[in-house]
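Peer 1: Keeping the supplied structure of chain A fixed, place chain B upon it in accordance with the hints.
Protein chains: 2
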Amino acid sequence: MNLVLTRDSQVRVMEAAVTSAEKSFGQLCSLLAAYTRKTARLRDKADQLVKQLINFANAENPELRATVRDFAEDLAKVQDYRQAEVERLETKVVNPLKLYGVQIKQTKAEIKKFKRIRNNEIKQLEKLERLRQKSPSDRQMISQAESSVQRASVDASRTTQQLEETIDAFQKQKLQDLQRIFVDFVTIEMIFHAKAVEVYSSAFQTLDSYDLERDLEDFRAKMRGVYGQCDPRPLTTTTTITSSLPWAVISQSTESTMQSRKKDAEDSEGDDSVEEDEVEDLRGRGQGQGLHK
Amino acid sequence: MNLVLTRDSQVRVMEAAVTSAEKSFGQLCSLLAAYTRKTARLRDKADQLVKQLINFANAENPELRATVRDFAEDLAKVQDYRQAEVERLETKVVNPLKLYGVQIKQTKAEIKKFKRIRNNEIKQLEKLERLRQKSPSDRQMISQAESSVQRASVDASRTTQQLEETIDAFQKQKLQDLQRIFVDFVTIEMIFHAKAVEVYSSAFQTLDSYDLERDLEDFRAKMRGVYGQCDPRPLTTTTTITSSLPWAVISQSTESTMQSRKKDAEDSEGDDSVEEDEVEDLRGRGQGQGLHK
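Chains as they are written, first to last, in this note's numbering: chain A, 1 to 293; chain B, 1 to 293.
So here's chain A without its partners, still in its complex pose:
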């Protein structure tokens, strides 16, 4: 049995384990960091959606305004939970994986040290062998070389032992940390999704109970508003223009209407080639002007 050769094979297995861990952890780390960043981008977009919903709500009738605001608040709550998810992923998943870079470097340094010491052992063995071939009778030199080999072997076996312990600890730590990191990932995701279900359930209730008819009445009242005290509902069955409904009035009172128009027209020299928008401006009554583009 050749222990020097055995140590070579052993160090190869160790190096393979560490190099493989370095590669896998590096790739997992950058993918999980990217996953976390994409989650943060989704949160940003949802935050914009929340703002847009609030702007939208402010321009709507009271019932829809309250409903959309509540919905926006719930959506914002989900984003707060998503923010917590992002922070926890960074702290408990991405950062521990990053720390492996340091740990792996230390382990690689241990392996390098072992190789140096093992090379010394080989060198001493080779020296001894050369001496035995060239000067088989020089007992003193051979004895000295044997002592050197012995010292180098002691060093090598002590280092092998340390290396084995280091690699064993490294592997155990790797498995423990991997399990903990994956468990943390799953826990963080689980908590986020559970909170989201909770918030969206409440949002569903709010949206479901939205009373559309009340807003529609508000909107109709606004439409009606421009008629003042008149009944604003459109004609649905009247076919003659002599009806008592407001738009019928014009045919019965063209003259008086014209007189009131004339007054307006006098203020503006009654230019009949006036542009549509200018005509509207001449008639400006304050009401509704703000809405006009």
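Simulated from the structure, these hints should not be mistaken for lab results.
Please read all numbers here as calculations on a predicted model, not as lab measurements.
There could be a bad hint or two in this list.
[Said to hold, decoys possible] If you want a taste of the chain A side facing chain B, the calculated C-beta under 10 angstroms gives, among others:
hint : residue
1    : Ser-24
2    : Asp-74
3    : Met-141
4    : Val-186
5    : His-193
Glycine included, every Cβ here is placed at the ideal spot set by N, Cα and C.
Peer 2: Chain B in isolation, oriented as in the chain A frame:
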């Protein structure tokens, strides 16, 4: 009361409602489309993570391999649900909002038509007024003009009625669709998050029951493997090199070891200036070579 002016104000309120809806729906649509795209990006990244986890699993010991594969499968399941989320958001949220572009264009066309007809009414009224001022005695002309005004008024009031109905229907549809779209958004999100909770709960069980010790034993056996039948455990208490443990053998049997090394060395001319890697190559025993970088 001036109905022509009233119609101006009314059309302004209608135009404002439609323009505001156009703007809000457009912004909501593009934000929700962006939210959906970001969700798809998150799914893509998680898919990469799944692949990486499977690659990683394949290089690990059986226990960890099975655990990480199960975890990767669960993560893939969540992405399937996320894909369903993305598709449903597109179908039930983004697309209906896009369709508003069409509906709003139709409503705007209605308003334009109304304005044209109302402008004709104004023109006829102005023509009548001019006639009354210039030729107050031309009864026939005035009568004709009065008929034109009456026809234009009938057109205008009929169109006003149509427009009011269109706007009323548009507003009702808008509120209904908005409620439905928001309810659908919340439902889609709720289903996705609930499924994710379910899958991650199962993933948690799998990861939690991972038996680290078994893999550690596998790893130690692999380390041991390079020693063949020997006890591979490192020295922990022995302080002398005359122990019966394998690395102690070298000091007791330097000569016999040297003889076996000599045989190897003879094959390669025993060059002592040989490089470390070459030394390793000379000793190549097949075993473990594949693992070496």
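Peer 1: Look at each hint and say if it fits the structure.
Peer 2: How the hints compare with the structure:
Because the beta carbon of Ser-24/A sits about 5 angstroms from the nearest beta carbon in chain B, less than 10 angstroms, this interface hint is met. With a least beta-carbon distance of about 8 angstroms to chain B, the hint placing Asp-74/A at the interface is held under the 10 angstroms criterion. A distance limit of 10 angstroms between C-beta atoms decides the matter here; for Met-141/A the minimum to chain B is near 15 angstroms, and the interface restraint is violated. Using the Cβ-Cβ criterion of 10 angstroms, the hint placing Val-186/A at the interface with chain B is satisfied: the shortest such distance is roughly 5 angstroms.
Interface restraint check: His-193/A against chain B, minimum CB-CB distance 4 angstroms, threshold 10 angstroms, status holds.
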